[in-house]
Structure formats: structure tokens, C-alpha cells
Amino acid sequence: MLVMRGIVKQFPGVRALDGVDLDVEAGEVHCLLGQNGAGKSTLIKVLAGVHQPDEGTIEFNGAQIRASSPIDAIRLGFATIYQELDLVEGLSVAENIFLGHEHARAGWMNRGAANRAAAEVLTRLGHPEIRPKAEVGRLSPAAKQVVSMARALSHDARLIIMDEPSAALAHDEVANLFRIIRELTAQGVAVVYISHRLEEIREIGDRVTVLKDGRTVAVGLPARDTPTSEIVSLMTGRTVEYVFPPRATGSPGDEVLRVEHLTSPGAFADVSFEVRAGEIVGLAGLVGSGRSEIMEAVYGARRATGRVVLDGETLRRGDVVKTVRKGMGLAPEERKAQALLLDQSVTANITLGSLPGFATFGWIDRARERAEARRLVEMLDIRPPDPERPIKTLSGGNQQKAVLARWLLGGRKLLLLDEPTRGVDVGARAELYAVIRGLAEQGIGVLLVSSEVPEVLGLSDRVLVLREGTVIHQGDARELDEHDVLDMIMNGRAA
Amino acid sequence: MSKPAAISPRNRLAGLGEARHLGLVVALVLLAVVGLVTKFDNFATTSNIVSILTLAATIGVITVGATFVIIGGGIDLSVGAVMALASVWATTLATQSYGPWVMMICAVLVGTGAGLVNGLLIAYGRLVPFIATLAMLVAARGLAQRMSDRKTQLIQTDNSAIVDLSTTRLLGIPLLVYIFALVVVLGWVVLNRTTFGRRTYAVGGNPEAARLAGINIRRHTMLLYALSGFCCGIAAILIMARTTTGSSTHGDLYELDAIAAVIIGGTLLTGGRGTIIGSILGLLIFTLITNLFILNGLNTSDQLIAKGLIIVVAVLLQRRNLKERAP
Chain A
1 MLVMRGIVKQ
11 FPGVRALDGV
21 DLDVEAGEVH
31 CLLGQNGAGK
41 STLIKVLAGV
51 HQPDEGTIEF
61 NGAQIRASSP
71 IDAIRLGFAT
81 IYQELDLVEG
91 LSVAENIFLG
101 HEHARAGWMN
111 RGAANRAAAE
121 VLTRLGHPEI
131 RPKAEVGRLS
141 PAAKQVVSMA
151 RALSHDARLI
161 IMDEPSAALA
171 HDEVANLFRI
181 IRELTAQGVA
191 VVYISHRLEE
201 IREIGDRVTV
211 LKDGRTVAVG
221 LPARDTPTSE
231 IVSLMTGRTV
241 EYVFPPRATG
251 SPGDEVLRVE
261 HLTSPGAFAD
271 VSFEVRAGEI
281 VGLAGLVGSG
291 RSEIMEAVYG
301 ARRATGRVVL
311 DGETLRRGDV
321 VKTVRKGMGL
331 APEERKAQAL
341 LLDQSVTANI
351 TLGSLPGFAT
361 FGWIDRARER
371 AEARRLVEML
381 DIRPPDPERP
391 IKTLSGGNQQ
401 KAVLARWLLG
411 GRKLLLLDEP
421 TRGVDVGARA
431 ELYAVIRGLA
441 EQGIGVLLVS
451 SEVPEVLGLS
461 DRVLVLREGT
471 VIHQGDAREL
481 DEHDVLDMIM
491 NGRAA
Chain B
1 MSKPAAISPR
11 NRLAGLGEAR
21 HLGLVVALVL
31 LAVVGLVTKF
41 DNFATTSNIV
51 SILTLAATIG
61 VITVGATFVI
71 IGGGIDLSVG
81 AVMALASVWA
91 TTLATQSYGP
101 WVMMICAVLV
111 GTGAGLVNGL
121 LIAYGRLVPF
131 IATLAMLVAA
141 RGLAQRMSDR
151 KTQLIQTDNS
161 AIVDLSTTRL
171 LGIPLLVYIF
181 ALVVVLGWVV
191 LNRTTFGRRT
201 YAVGGNPEAA
211 RLAGINIRRH
221 TMLLYALSGF
231 CCGIAAILIM
241 ARTTTGSSTH
251 GDLYELDAIA
261 AVIIGGTLLT
271 GGRGTIIGSI
281 LGLLIFTLIT
291 NLFILNGLNT
301 SDQLIAKGLI
311 IVVAVLLQRR
321 NLKERAP
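Heads up: the sequence lines are chains A and B, in that order.
Following the numbering used here, the numbering of the first sequence begins with 1 at its first residue and continues without gaps.
Following the numbering used here, the numbering of the second sequence begins with 1 at its first residue and continues without gaps.
Isolated chain B, as found in the complex (with noise of 0.2 Å):
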């Protein structure tokens, strides 16, 4: 290694001056060119803007969750299906009968539950992440259908105060933008500032260093998988105040966008290394893939193959990267 001193603690904390985000950022104003040039009326408008912004928060906050799951070494398949069950659960009837507080406290409780029972399973039952959290996407996805009979639950006019939240502008931006940006800067201070975001690397980086450092490996796995499905009963409650309803089919495919966005972030699927900026920009490189397409009126299929390509591209390009900075 010939480079004469490690990153400045400053520039750390700038976080998109590193190094290793200049390249999402390259690629985003790449993608914003792109849709200046090909459709600049539409494209270059507020409402767009606000658009690709709300379009991303639900996923984004999910994404802040995964991020600190792939960190600490594991995988959460089951949070779209855990999304939906929070939003169907804090829409029933029964539920709704409590007011818009209860609800959005449903929400957040039934997330985090479903991600407990995740955590419970993988720490102590010692079950694979792979195997537990798939369980639970098809477990959580029935339970949703079952609670709701198959049915969309529409949020009544009484509980509009949850719909406010898509609908209420703050400086012209939405407030579930905002819950979106709140999320994620909590999630940095906690990644970076606090003794679980550093536990969160070691125990994904070398288990066996943190277990003979003293680290309760076990307790802290568990509470990141109840921290992921805190983070969908969050992204529940923005799913419901964009669409007013709670449905089972909320949230099909999520976890596979939220993965492909932490990767793309240069996060490890080993663990031990990633960062929430870069699941952040990886999610807005792929959330304004999807909008040019819509605009330039493409074909879903042919976006979903640019997607791929994005991964793979990412991949390749972090690998290189990495050998670089081998020492």
C-alpha cells in the first residue's frame, strides 16, 4: 500500500466524497442526464422529482433495515411480505376502530415482531437467515391473505390523518418523504455513532473476533432481524398513506429490490462492510431507472433487464475495486 494516509475523519463524514460512493454518484448523474436528454419537459419537473422521491421511500426505509442485516452477515428475505402484513393488520376493521395512532403503532409492532420471530429463529434456533426468512415471506404473505380474506382494506375516512402523510406538503415534498430521510439519517447515526452499528460490522466481518472480544453474537443477531422488521412496519405505514389501503399483495418483490440496492451500494452479501449511503444511492439509481423507463414509455421487461445488468456491472466494478485496495 503506497497510499500515505487512510481517509481523513472529515471526509468520512461527508460520506459521498469516499471514494467508494463516487462511483453511484457517477452513475446517478449519469441516469439524470439521460432524462434531461431524452425527455427534459417531463422529466426536470417537481412533480417528477417528488415522484421518484415517494416512489422510493417505501423501499428506502426497508432498504436501511436490509443494509444492516447484509452488514451484520445475514439476509432478510421476508420483508415485503412482512410490509404487507403489517399494513393489513394495522387496517382490519378492529384496528382501525382505535384511530391512526394505534394503527401506525400496529404497524410498527407487527414488524417488528415478524423480524423477532426471524431473529429468535436464525440466533438461537440456529437456522440458516436463507431458510428462516423465506419461511417467514410465505408464512407473513398467507397470514395477510387470511386476515384480509384476499381483500384490499381501504383506510377509512375517519383514519385519513395516515393519508395526510402522502398528501401533506412540507416545501412542496411530501411528509412521508421526509419520514423516509429521517429513517435513513437515524440509521446512519446508529450504523456509525453507536456501539450496535459497530457491533453490527464486527459481528458480520469475523464472528469469531467479535464472540472472543466478548460480543453476544446471538442477542445482537437476533435485534438485527427485529430491527429489519421494525424498518418494514415503517415502510407499512408510507405504503399505506400512498395507496389508503392495506393489502396482502403489498410489497411482492420487495426484498429483491432492497437487496439488489445494498448491493449495488457496495455493501458485502459476506458482511462486514457496507454503508447506508450506498444502499441509499444504489435505490435511487434503480427508482430513476424505473422512472425513465415509464417516461420514455419502454417496456417493463426491458427495464427489468437493464436492472440486471446494473447488479452485475456494480458487482464487477466493486470486485476490481477491491483488489485495488488489497494490501
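Same shape as in the complex, but just chain A (with noise of 0.2 Å):
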């Protein structure tokens, strides 16, 4: 039914597609497999028009198409589920649900007519409790994802693509989704589904389709079938050499920062850990794992209970002000969102965390201020060398390199660091890991996550695996490759 050949998708210094072939059937489940960033959501997106492709053609119904927008995606019958669910909070259900395609005549809403058909839609996906006039932003995040589900439905739709559903789900609600999806597929439609969780594609799925590093290692393996080792092998062994960094050879210092039973209800529960001075400490897992979550609740953005002491003293929970006067320093996952001012110059970016240090009574002694930028510019070799420059002008990997900067002034004793290579090309990766292993060298406690597993394995000096919001694995980082972790992560076991 539909059929993409060679697909290929560049972005500003990423290939995120590189030649992609899918093949999907009327009434059957397609599953889309891969790791973090080998592309999967890139190619949903260009089957939902929100990215066109730069190469390669698509067939529907054996005619080629171009979805050069949502809106066409939709009318062709294509409908999409987002991990991130797209509604509008202020909505209610039925306006959510039929939104775009409103029961409405010359722009007047029949809200009657809506509710209704909002009813029916939610009765036959199994819940009937769900009120059509609900507002969406008071719902659980099972029910929003529900509507979701409706909204798919309401379309008509041959494909649905289905990014992690049941992410979000309780057990008994994942078998909910599971019969919509037999239903669904048995009138015909064939159905998208991307999942981390081995045995929910074992369940559900039909057959399975492997990406890799944005290309297409294995079209259409059996899903019930296939042997986990081979899934797990045509994931890992990534076909981009990275360099990393010896470790440090004498032993760790003094305890940096302890960890103690930390719990987050919903994102994670009893997390223990230390980081010694010099150490990097690596958070393995998937995303939703609790990794993130864990690293905002050391930093105190998230409330959560048990303990976080630094450098011997305890942490007041949700005072970001104070944990970063403590000697914490964060880089954060969405670099440009929260760490970077973009507009302005590397050196303001630079010298943000450390601002008093460079003032009396508030005045600013630039001269300074702008020979320390200049020297860690140097020093991290920060391309181009003009601390002048707006950041917004460096690539990613430099702007993460001023990120890094910023928290190399001001004595940091504890630095953790949230997906400190994403955005980042592949040959300005390994001066990245370069520079972090300095950081530790210099004494600094290191907290690493990542969603690239060979990256975590190859920084760290240990590793913490996590498997939704548990640690399952904590030991040194030299004795696991990238395939027991992937096992671990999949199967829930530990090694």
C-alpha cells in the first residue's frame, strides 16, 4: 500500500534520512525500530508532511504522491500520533477531536453534531467515560492520548503512524490500544508502529523494518519470529567511529556528590548514586527512562524526595539559584532553548553563570571579562576565535563547547550534562568528549546522560543503566558494551 524508496532528508549539518526504503500493507503492523536518533522520527515526519524530502520517491496505492504539508498528509489518509501530543489544551475533547474538520456549516459549529460523533468515536476505542465536553488540559495523559487516538480515527485514515503510544499508558490501557489497533487493522488499515519495548512489537506487530544512523538495514522481518540478538545487533554497531578520550588512570577523588533514594513519582523511584571528584558518571537509557528527570531533580528544578548532598552538604530541593551557588553547573538537553542566549556574544554566553566574579558593586570589568573568554575560546578551541561574535552565527558543536565554557568559570565542582553532543556533527564530537574528560581532569565530578549508548559506554567511567525510572545495571563502564546495555534496556534485565 505504501511504498518509500531511497528517502533521504539532510538538515543543517545532520543527515537525519540517508536513503530509507519502507514498505507498508493494507491491514498489517509495521514496526519501526531503531536507536535514539537513527532517524525514526524524521521519517514519520515526512510521511505527515511536516518535512518534505530532498530525495526519494513515495507511493500510495501504487500512485506517487507528495505530502508538501500536513494538510495534504491528512487528505491523502495519512494520520499521525506524535509522542508529544498535539492538542490544544483549552479544548475540549469533541473541539480537539474534529479540529481542522469541524461539524460546521458556513463557519457556524454544530456542537450538538460534534459531541455526538466525539462519543461514538471515544465508545469505539473503549471509553465511553471520557466526556466530549471535557476540557483536554484537565485529563490524564492516558485519556489526552486517547483523544489523540480519536482525532486519528475521526480521519478516516488508511495509515495511522503511531510514534510510542503506549509510552504514556498503564499495562491494562496498552492491551486497550492493542485491540483498537487489531480492529483498525482488520477493516484494512495498516497501521505505523514505532516502540521501544521488544515485547509490545512481538504482541502486536507484524512484520519489522530497522533503521540505522538514517538508513534502512532490514525491511520487513518477521516480528514474532525474528531472534532479539539479531534486532539488537542490526541496531547497534554504528557505522561512525568515535573517538574517545583515555580515561583517567589514577583512582577517583573525594565524593563529589551522593545521590540517596531519590523518587519522582510517574518519572522515577529510589535512584542511589555518588560521583567522586574527576569521575564521569554515565546515565544509560531510553528517552522516558527517567534519565532527564533524574538530572533535573539533582539540579533541583524537579521536585522529588530523598536526598541530594553536594560536597558534603544537602541540597534544598527546587532552588536552582542556590544549587548553582553551590558549584553545580548544568548543560542542558535543548541547548538553544535553556542554556543559550542567542543573541548574544560568545562572551556574554560564556561569562553568564559567573557574572559577580567579574563585577564590582554591579559594574562589569569587561576588559576582563573578555580577556577570560578570550582564554577559554583558546583553550576549548572555540571555532571561529572571536568571542565578539553572536553565538547564534557558531555551529552547534561550538555553541555547546561555550555552554561548557560557561561552567569551567566560577569553580564548579559537579557538572552535569544532558545530551551534550545532540545537534553536534560527527567530526566535532570527539573534541566535545576531549573536553569534558578534561573538565574531569581538572577535578570536576562529571554527570553524563545521553541517549547514544556507545557515547555513555565509551565517556563514562561508570554507567547506570535505567529502565523505566529503575536502575537495573550500575558498574563500571569497561565491562559492558553496547549490546549488553541495548539488552538490558529492551528486555528488562540485567546482564
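I should point out that these hints are in silico values taken from the structure, not numbers from a laboratory.
Keep in mind it's a predicted model, so treat the numbers as computed, not measured.
Quick reminder that beta carbons are idealized off the backbone N, C-alpha and C, glycines included.
There could be a bad hint or two in this list.
[As the list claims (entries may be wrong)] Derived coverage of chain B by chain A (criterion: at least 3 residues anywhere in the stretch with Cβ under 8 Å from a Cβ of chain A; other residues may be distant): (1) 185-199; (2) 204-217.
[Said to hold, decoys possible] Listed next, with one range per pair, are the computed distances between beta-carbon atoms: (3) B:L269 to A:V88: 20 to 30 Å; (4) B:R219 to A:Q64: 54 to 64 Å; (5) B:L127 to A:S69: 52 to 62 Å; (6) B:V313 to A:S69: 43 to 53 Å; (7) B:L269 to A:T228: 52 to 62 Å; (8) B:V313 to A:G220: 56 to 66 Å.
[Claimed, not checked] So these bits of chain B aren't anywhere near chain A, every CB distance computed over 12 Å: (9) V29; (10) T95; (11) L268; (12) T300.
Using the hints, build the complex out of the two chains.
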């Protein structure tokens, strides 16, 4: 029914899709597997009309098509249920379901008809208890997922793309989701299903396509009978060689961070570990495994129970300002949204976290500030080496170096790195790794989170493996390989 | 980006020389040329130029405060009303009995206090700036009317030292213009040379980044509104000097002129980008238009239409600039 051939999508600095093939037949559940960054999300955005492919062809029911906008994709009968729900929180359930194709005459909404139709779809989905008039913002995440699904159904979709639909659902709700999927496929609807949970794929999937580094590495494997080891092998073994700096030889120093029984309901439970001076500790796990949330809790940006002790002092949670004063620094995941002042110069971005150190009674000593910035730009080899240049004109890797430089100032004891190489092209990564190792060698403790398993393993001294909010393994990074970790993450058992 | 080097520090110091202000300077020169061509005899006189600057001074001081607030990602609609309240409070018979210095201090304290209330409501009460300052606009105006009984309060002859600010001239220019200039220079210094200014850009440009960098964004936000209120207090002194009165009707719609000047000057309403110099140039453009319309005996309604057009044109031009500069 759907045939994609040689799809290529290029973003600045990254070739997200590099020749992807996909065949989906009517009435099947086609699973898409791949590690984070393999190109799954980009591929479904191409199908949903959000991105236009640079190369390649898409055929639907024998005819060549081109979805140049989400509206085109919907008209073709493609519906997408995104991982991050795309609902308007202030509108009602019925209004959300029929958003863009309202029951209306000359712009006048027929709310009665919309509510009745919404109730019908929700009943079909097995959720008659969700009231069509309820405000979506007040619903539980699982109910929102159902509304999102109802919207896809309301379009009479021929192809439904589901991006990790079970992530927000409890166990019995997953069973209900599968029942709906089976009903849909019985009617000839095709489903493209993305999930990291192998057991789900075994249960609901018909065939599997595996992506790696933006390429298709296996097409149409039988979902039930392909051995796990084969699937994991296909997903791993990156074509890109990572160059990691050598680990420190001496034993790590004093403890700088101790986390005790940290728990945040719904995100992670009973997490305990410590980081020593000069040590890099990595958290490995999938999106939603709680790794970023743990980091936020350590930083004080997320409420959690348990204790966070920095350099012998228990931190008050929910107070980022104090946490920074005590010597913790964070390079957050969303660099542009959470770390950078895009309009400002490299200098201003570097000194943002330690301004009082450059000022007497609020007056900034600009000469000293510039000199420090220049020193760091040279030390970290930030290019172009001009501290006065607006930071938005730098490449992702160099922007990230500037964020790291920010925390080199002001005597940090602990640095939290959340996806430090996201959006950084492959060539620049090795440099960043060297910079991070260099930080540790100066006696800073580093806590690292990355969805790239080889990165966590290659860079860290010790690794914590997370699955659905619990630590399932903790140990020396040298004793694990990518295959072990993926196996633990996907099957939920310690090696 | 193919531009080989960033703006050099020297150029940045000059400020006026920066490309982003060039358009404003050109617009100002064009307006001056229009003035020279249409009414040479009246336009190019010292008294006319002095009157333009005097007119600009009051809103100018408010504009400096508004620039801070807007770069910091907020908005202050209450400026005109707070200035009126400060002028009324400073000219009550009770305050006047303490002499001119106390009156001036009173005006500044009332302005800063009202700004602080705005800041507390926004930063700690989590009210949307638009709503908090809209409430302050209405309430401050009401309080001013109540205090003055809706009467214009004259400054007594004993306290004419305040009026001297507008009548005493240095090199032919009234003292209040110097005060305006001083506020602009101080504003520029604070914004460009202090941690407070740097943090203002950070809080407005990316509050999340600022927070994660350890900046207390609530306290900073509160201080920004207090600063705006402080400027309103100074502006109250200037308007008292110019009109010899305190009145609840002072500063009507000043908030719109101040915000318009800031926007024309290239400051983003979303925060994080903008300059004091731009705002002042924007204000001078506005004041010059008023002056030209008056000199040429044109309708004030047409003057409003012209101002509206200028705001739109300025923003459209800036958006094009932004696109060109994006990486």
C-alpha cells in the first residue's frame, strides 16, 4: 500500500535520513525500530507532511504522491499520533478531535453533532467515560492519548502512524490500545508502530523495519520470530567511529555528589548513586526512562523526595539559584531553549553563570571578562575564535563548547551534561569528548546523560542503566558493551 | 553567515554607528529635512529645538525605564498613571509644606513604590505583566483623582525651585533636558556595563537559560518594574517643572508613546534584544512628527495616523533585517 524508496532528508550539519526504504501493506502493523537518532522521528514527519524529503519517492496505492504539508497528508488518509501530544489544552475533547474538520456550516459550529460524533468514536475506542465536553487540559495523560487516537480515527485514516503510543499508558491500557489496533487492521487500515519495547512488538507487530544512522538496515523481518539478538545487532554497530579520550589512570578523588533514594512519582523511583571528583558517571536509558528527570531533580529544577548531597552539604530542592552558587553547573538537553542567549555574544554566554566574579558593585570589568572569554575560546578551540561574535552564528558543536566554557568559570565541583552532543556533527564530537574528559581531569565530577549508548560507554568511568524509572544496573563502563546495555534496556533484565 | 567579523567593540561603543540604528538616524534626518523645507523659519530656531527636547524629556525618561522592562521580557502599561500619581502626591499641600527637595523625593518614592507593587505582583504573584500593570494603570489614576479631588494642584511660589528646572537654562537649554540626558546616559551604562543590565538581556531573551545559569529571575523581574516606577517618579518631577502643577490627568496615554518608541527603536516585545539609544531615537522621531504637524498647522488626527503608520513600517523593516541576520 505504501512504498517509500531512497528517502533522503538533510538538515544543517546532519543527514537525518540517508536512503530509507519502507513497505507497508494494508491491514498490517509495521514496526519501526532503531536507536535514538536513527531517523525514526524524521521519517514519520516526512510521512506526516511536516518535512519534505530532499530525495526519494513515496507511492501510495500505486500512485506517486508528495505530501507537502500536514493538510496534504491528512487528505491522503495519513494520520499521525505523535509522541508529544499535539492537543489544544484549552479546547474540549470534541473540539480537539474535529480540529481542522469541524462539524460546521458556513463557519457556524454544530456542537451537538460534534459531541455526538466524538462520543461515538470514543466508545469505539473503549473509552465511553471520556466526556466530549471535557476540557482536554484536565485529562490524564492516558486519556489524552485516547483523544489523540480518536482524532486520527475521525479522519477515516488509511494509514495511522503511532510514535511510542504506549509510553504514557498503564499496562491494562496498553491491552486496550492493542485491541483498537487489531480492530483497525481488520478493517484494512495500516499501522506504522514505533516502540522501544520488544515484547510489545512481538505481541502486536506483523513485520519489522530496522533503521540505523538514517538508513534502512533490514526490511520486513517477521516480528514474532526474529531473535532478539539479531534485532539488537542490526540496531547497534554504528558505522561512525567514535574517538574517545583515554580514561583517567589514577583513582578518583573525594565524593562530590551523593544521591540517596531519589524518587519522583511517575518519573523514577529510589535512585541512589555517587559521583567522585574527576569521575564521569553516565546514565544510559531510553527517552522516558527517567534519565533527564533524574538530572533535573539533582539540579533542583524538579521536585523529588530523597536526598541530594553536594560536597557534604544537603541541597534544598527547587532552588536552582542556590544549587548554582554551591558549585553545580548544567548543560541542558535543549541547548537553544535552555542554555543559550542566541542574540548575545559568545563572551556574554560564557560569563552568564559567573557574572558577579567579574563585577565590583555590579560594574562589569569588561576587559577582564573579555580576556577570560578569550582564554576559554582558545583553550576549548571554539571556532571562529572571536568572542564578540553572536553565538547564533556558531555551529552546534562550538555552541556546546561555549556552554561548557560557562561552567569552567567560577570553580564548579559538579557538572551535569544532558545530551552534550545533540545536534553536534560527528567530526566535532571527538573534540567535545576531549573537552569533557579534560573537565574531569581538573577535578570536576561529571554526570552524563545521553541516548547514544556508545557515547555513554565510551566516555564514562561508571555507568547506571535505567529502565522505566529504575536503575537496573550500576557498574564499571569498561565491563559493558553496547549490546549488553541495549539488551538490558529492551528486555528489562540485568546482564 | 558570510560576514567575516563581528561588530567591533569600538563601533559598538559609538552605538549610533551600528547598522541597526542607521535606519532610525536616516528617518530622523529625513524628518528634519521635511521640517527645513516646509517651515524653515520656524523649524530651525533654537527655541523650536529646545521645545522639541523639552517635550521629549518627560516621556524620554519613562522610555528608558520601559526599555529595561521590555528587554526583560515584560511590559509596563502603568507608566503614565504612576507618573500622574507621583505628581499629585508630591504637590499635595502636606507634601509641599516640606519644601521642594521633599517633594522631589516623594515623587521618586511614590513612583518606585508603585513599580515595586507591579514587580511583586508579576514576579511573586505570578500575574501576567499586561494584567498587573493594567490594574495599576487604572488604580493609580483613581488614587491620583482621589488625592487631588480631581483638581489641578499648583506648585506654590515657596517651592518654585522645582519650576526652575524648566526655566533655568544652561547654554540656552533648560535644566530638565540635562536631567533627561543624564537618565539616558545612566540607563545606557546600567544596561551595557553592569551585571544588572546583562541579566536583563538574559532574563528577557531566555528565562530558562538564565534560571539554569543561577540567576534569580524573580527578583530581577521585580527590580525591573521598580526601575520603571523609579523613572516614572523622575518623569513626574519633570512634568511638574514644565507645567508647574501636579494633576491626575498628567501623562495620559504616555504608556502607548513609550512602548511605541521602544518598538520603533528595535527592541523586541518578546524580550532579550534592544537598546536605549534605539528607544531614544524612536522617541525623537515621534516627537519630531508632532512638532512638524503643529508647525504646519495640520490636523492632530492626521498626526496620529502618521504615527500609527510609522510603527508598522518600522517593525516591518526590522523584521526584514532580522531575517537577513539570522544564521
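Against the structure, the hints:
Coverage of the segment 185-199 of chain B by chain A holds in this model, with 6 residues showing a Cβ closer than 8 Å to a Cβ of that chain against a need of three. Counting residues of the segment 204-217 of chain B whose CB lies closer than 8 Å to any CB of chain A gives 11, which reaches the minimum of 3, so the coverage claim holds. In this structure the supplied range 20 to 30 Å holds for L269 (chain B) paired with V88 (chain A), their Cβ-Cβ distance being about 24 Å. Take R219 (chain B) and Q64 (chain A): their Cβ atoms lie about 60 Å apart, and the range 54 to 64 Å holds.
Between L127 (chain B) and S69 (chain A), the C-beta spacing of about 38 Å breaks the proposed range 52 to 62 Å. The beta-carbon spacing between V313 (chain B) and S69 (chain A), approximately 31 Å, falls outside the hinted interval of 43 to 53 Å. L269 (chain B) and T228 (chain A) have their C-beta atoms about 54 Å apart, which keeps the hinted 52 to 62 Å range intact. Distance hint check for V313 (chain B) and G220 (chain A): the Cβ-Cβ separation is about 59 Å, which falls inside the suggested range of 56 to 66 Å.
Under the 12 Å C-beta cut-off, the non-interface status given to V29 (chain B) relative to chain A holds; the minimum distance is some 27 Å. With a cut of 12 Å on Cβ distances, T95 (chain B) stays outside the contact zone with chain A, its closest approach being about 32 Å. Separation of L268 (chain B) from chain A is inadequate, the least Cβ-Cβ distance of about 9 Å not exceeding the 12 Å criterion. Its beta-carbon lying about 38 Å from the closest one in chain A, T300 (chain B) satisfies the requirement of being farther than 12 Å from that chain.
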